[in-house]
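**Student:** For reference, the chains in residue letters:
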Amino acid sequence: MADWDADDERGEELNTLQSIYPEIVVDSRHSFAITLDLDVVPARPFPVTFDADPSIHHLSCLPPIHLEITLQDGYPTECPPLLKLTASWLSPSILEKLERDGIALWEASEGMLMLFGYISDLQEAAETVFGLTEPSTFSSQLRPLLLDYDAQQTRDKFNRETFECEVCLEPKKGTVCYRMKNCGHVFCVSCLQEGFNNSIKEGDIDNIKCMSMDCGKSGKKKDRILSPNELLQIPLAVDVVKRFANLKRKKRIEKDKSIVYCPRQWCQAPERSSKYPKIDDITQIEEWESEDEVEDAAPPAPDDGPKGAMNIDRLAICEGCNLAFCRLCLASWHGDRQWCQSREANELTKDDQESLNFISQNTTPCPTCSVPAIKSYGCNHMTCFQCKTHFCYLCGSWLQPGNPYQHFNEPKRRACYRRLMDLATGEDVQFGGRRGAEQQAAFWEEEAMRIQAEELDEGSER
Amino acid sequence: MSTGAKKRIMREYGECMSDTPPGMKITFDEQNMTEWEILLDGPEQSVYAGGHFKLKLTFPNEYPFKPPVVSFKTKIYHPNVSNDDKGSMCLGLLRPEEWKPPNKVVAVLRLIQTLLIEPNPDDAIEPSIANEYKENRKEFDKTAKDWVKRYAK
Numbered sequence: 001m002a003d004w005d006a007d008d009e010r011g012e013e014l015n016t017l018q019s020i021y022p023e024i025v026v027d028s029r030h031s032f033a034i035t036l037d038l039d040v041v042p043a044r045p046f047p048v049t050f051d052a053d054p055s056i057h058h059l060s061c062l063p064p065i066h067l068e069i070t071l072q073d074g075y076p077t078e079c080p081p082l083l084k085l086t087a088s089w090l091s092p093s094i095l096e097k098l099e100r101d102g103i104a105l106w107e108a109s110e111g112m113l114m115l116f117g118y119i120s121d122l123q124e125a126a127e128t129v130f131g132l133t134e135p136s137t138f139s140s141q142l143r144p145l146l147l148d149y150d151a152q153q154t155r156d157k158f159n160r161e162t163f164e165c166e167v168c169l170e171p172k173k174g175t176v177c178y179r180m181k182n183c184g185h186v187f188c189v190s191c192l193q194e195g196f197n198n199s200i201k202e203g204d205i206d207n208i209k210c211m212s213m214d215c216g217k218s219g220k221k222k223d224r225i226l227s228p229n230e231l232l233q234i235p236l237a238v239d240v241v242k243r244f245a246n247l248k249r250k251k252r253i254e255k256d257k258s259i260v261y262c263p264r265q266w267c268q269a270p271e272r273s274s275k276y277p278k279i280d281d282i283t284q285i286e287e288w289e290s291e292d293e294v295e296d297a298a299p300p301a302p303d304d305g306p307k308g309a310m311n312i313d314r315l316a317i318c319e320g321c322n323l324a325f326c327r328l329c330l331a332s333w334h335g336d337r338q339w340c341q342s343r344e345a346n347e348l349t350k351d352d353q354e355s356l357n358f359i360s361q362n363t364t365p366c367p368t369c370s371v372p373a374i375k376s377y378g379c380n381h382m383t384c385f386q387c388k389t390h391f392c393y394l395c396g397s398w399l400q401p402g403n404p405y406q407h408f409n410e411p412k413r414r415a416c417y418r419r420l421m422d423l424a425t426g427e428d429v430q431f432g433g434r435r436g437a438e439q440q441a442a443f444w445e446e447e448a449m450r451i452q453a454e455e456l457d458e459g460s461e462r
Numbered sequence: 001m002s003t004g005a006k007k008r009i010m011r012e013y014g015e016c017m018s019d020t021p022p023g024m025k026i027t028f029d030e031q032n033m034t035e036w037e038i039l040l041d042g043p044e045q046s047v048y049a050g051g052h053f054k055l056k057l058t059f060p061n062e063y064p065f066k067p068p069v070v071s072f073k074t075k076i077y078h079p080n081v082s083n084d085d086k087g088s089m090c091l092g093l094l095r096p097e098e099w100k101p102p103n104k105v106v107a108v109l110r111l112i113q114t115l116l117i118e119p120n121p122d123d124a125i126e127p128s129i130a131n132e133y134k135e136n137r138k139e140f141d142k143t144a145k146d147w148v149k150r151y152a153k
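Residue numbers (the UniProt record's numbering), protein chains in the order written: chain A, 1 to 462; chain B, 1 to 153.
Please note that a few of the clues may not be correct.
[What the hints assert, rightly or not] The list that follows gives simulated cross-link-like pairs (lysine-lysine, DSBU-like), each with its CA atoms no further than 30 Å apart:
1) K201(A) / K172(A)
2) K104(B) / K201(A)
3) K172(A) / K157(A)
4) K209(A) / K6(B)
5) K7(B) / K181(A)
6) K172(A) / K104(B)
7) K201(A) / K66(B)
8) K66(B) / K138(B)
[Stated by the list, open to error] Cβ-Cβ distance ranges computed for the label pairs, FRET-style:
9) P21(B) / F158(A): 33 to 39 Å
10) E30(B) / Q123(A): 54 to 60 Å
11) D206(A) / N120(B): 22 to 28 Å
12) Y13(B) / R44(A): 41 to 47 Å
[To be verified] Not close to chain A: a few residues of chain B, all C-beta gaps over 12 Å, as computed:
13) S88
14) A124
15) K153
It should be emphasised that the hints constitute simulated quantities derived from the structure, not laboratory data. For each residue, glycine too, the CB sits at the ideal point set by N, CA and C.
Assemble the whole structure, with the sequences as input and the hints as a guide.
**Tutor:** Quick look at the structure:
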């Protein structure tokens with residue numbers, strides 16, 4: 001408290017003011033001078049725009065205006081108070097007008113104390129932001145000042161409040177709560193984290209929305225899936241949000257019937273598409289695009305005729321392995337001029353089928369690693385190039401590494417007995433008749449019957 | 001189960017104790033708070049009047065992010081309760097995709113009471129009972145009442 005002389009009317013008035021506004025600061029340079037910051041809190045959020053940006057922001061608080069009052073000798077009877085108002089975001093003409101209002105009020109008071117009345121008037125005027133038009137346009141230089149101040153004040157106010165979290169049913173301080181951007185529902189951060197982390201872990205991304213019962217219950221409006229940006233603000237861990245964003249993208253691509261997938265079995269990634277860019281920066285995703293747009297996308301007309309095949313853009317590039325392929329025949333890219341026919345993804349091309357036929361008819365798989373082996377010449381004792389297993393080229397059985405040749409010397413192995421050197425010269429590599437699939441089947445049948453017969457023999461011996 | 005979930009279950013239990021919905025009795029094993037036993041009276045205005053139905057309510061580990069699981073331990077003839085030894089129910093807010101964490105057990109119990117008064121044959125777990133309920137209400141009422149006498153006294 002300043003030590004004003006209570007006998008002086010000025011001292012009496014300032015003492016009274018200070019008890020009403022404890023935030024008053026006494027100006028030591030003058031015996032009867034004070035300064036006071038007046039909050040500008042509009043009665044309802046005040047719409048503003050900034051130069052060259054038509055978007056409207058609603059401000060709940062604007063930066064305070066600074067009021068300096070100096071009471072000269074002769075106040076209140078002969079001299080008006082010296083009033084000075086400053087606020088960087090208000091135009092000088094408005095500030096001057098507010099100062100003139102003070103002088104006018106002094107004149108009307110005819111020597112009575114008038115400062116409390118003046119401050120009340122200013123506060124009242126602040127509720128309508130001093131009569132500024134709605135929305136008011138400010139210089140873009142003021143943008144950070146106004147928006148940051150509003151955000152800071154809103155946050156401070158939120159932090160001071162206490163909320164009942166509807167999930168854990170406990171009262172929580174604003175500092176550990178989060179307000180949903182879209183609907184304004186408040187939950188405690190730990191409940192949001194637990195719920196959303198669980199859902200994202202399980203891949204249940206449709207559950208990443210406001211938890212309130214009031215949201216999405218209207219029936220018509222679909223619940224809004226939260227944006228990665230908002231999830232980061234809650235905050236959820238970056239890795240979790242990345243997983244969420246990628247799952248969501250994958251789901252949208254899967255919904256889009258026009259997207260084709262890489263024909264390579266080990267890849268199967270979707271084609272590159274400008275509609276679904278790969279996610280580089282999750283903080284950039286503030287809002288998912290409308291879902292309807294995706295559903296409307298029509299699949300490309302699968303046309304067997306040469307005309308159709310020539311008319312659509314058939315080149316697709318896999319976003320996973322960069323394979324360039326034809327979206328119609330799913331073969332690797334053959335150029336624009338080639339005629340082709342549409343094909344199911346799991347259907348083999350003619351070439352693939354022929355390769356497969358050749359492999360099944362002309363090779364013997366290694367009994368350990370199944371890699372197909374083909375003999376160009378030499379004996380029928382094979383060593384797998386991949387896993388070094390010894391095996392018989394004729395029947396495919398595993399051979400003792402220590403004595404692989406015994407296999408060909410046992411009379412009971414009729415299919416291989418004394419046939420170590422069959423086809424050793426490699427003159428007839430077309431084994432169709434000998435190693436063909438049919439013959440292999442016949443061989444195994446024969447072998448099975450033989451084993452069965454042996455077992456029967458053994459049984460009768462006992 | 002997280003401490004948060006346990007605290008919430010305890011809190012809900014407290015709420016249920018201080019303000020038990022009429023027509024039911026809730027018991028709870030101190031050792032295992034994730035399973036509640038509920039004794040539900042058949043509502044007066046329903047075919048289940050006079051019956052006492054034992055229900056088990058199980059809280060999943062992810063509660064309250066996932067709904068509790070409800071099953072009838074007492075046999076009941078009802079389109080929305082499975083006609084087997086499980087007596088399970090799956091409709092309305094008991095469905096994971098419709099459940100919201102602010103929903104409470106009390107709401108679940110109220111839903112069950114409402115369903116005893118007015119079954120929902122369009123969302124039935126037992127289509128044949130639902131069909132009978134819609135097409136041959138007399139026969140349905142008779143069997144339901146008969147089952148009350150046989151199993152729920």
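**Student:** If a hint holds in the structure, say so; if it doesn't, say that too.
**Tutor:** Hints, verified against the model:
With a C-alpha separation of about 26 Å, the suggested pairing of K201(A) with K172(A) holds against the 30 Å cut-off. Taking the CA atoms of K104(B) and K201(A), the gap is about 24 Å. The hint holds against a cut of 30 Å. Note on K172(A) and K157(A): the hinted pairing holds, with a Cα-Cα distance of about 14 Å set against a maximum of 30 Å. Between K209(A) and K6(B) the CA atoms are separated by roughly 24 Å; this keeps the pair inside 30 Å, and the hint holds.
Only pairs whose Cα atoms come within 30 Å are accepted, and K7(B) paired with K181(A) is accepted, the gap being roughly 28 Å. A hinted pair counts as satisfied when its Cα atoms are at most 30 Å apart, and K172(A) with K104(B) qualifies at roughly 19 Å. Taken as a hint, the K201(A) and K66(B) pair is honoured in the structure, with Cα atoms around 14 Å apart against an allowance of 30 Å. Proximity of K66(B) to K138(B) is assessed by CA-CA distance (about 38 Å); at most 30 Å being required, the pair is judged violated.
Taking the beta carbon of each, P21(B) and F158(A) are about 36 Å apart, inside 33 to 39 Å as hinted. A hinted range of 54 to 60 Å holds for the C-beta pair E30(B) and Q123(A), which are about 58 Å apart. D206(A) and N120(B) have their C-beta atoms about 24 Å apart, which keeps the hinted 22 to 28 Å range intact. A hinted range of 41 to 47 Å for the beta carbons of Y13(B) and R44(A) is consistent with their spacing of about 43 Å.
A cut-off of 12 Å between C-beta atoms confirms that S88(B) is not in contact with chain A; the least separation is 21 Å. Its beta-carbon lying about 22 Å from the closest one in chain A, A124(B) satisfies the requirement of being farther than 12 Å from that chain. No Cβ of chain A approaches the Cβ of K153(B) within 12 Å, the least distance being about 37 Å, so the stated non-interface status holds.
Figure legend: structure checked against the earlier numbered hints; the only hint not met is number 8.
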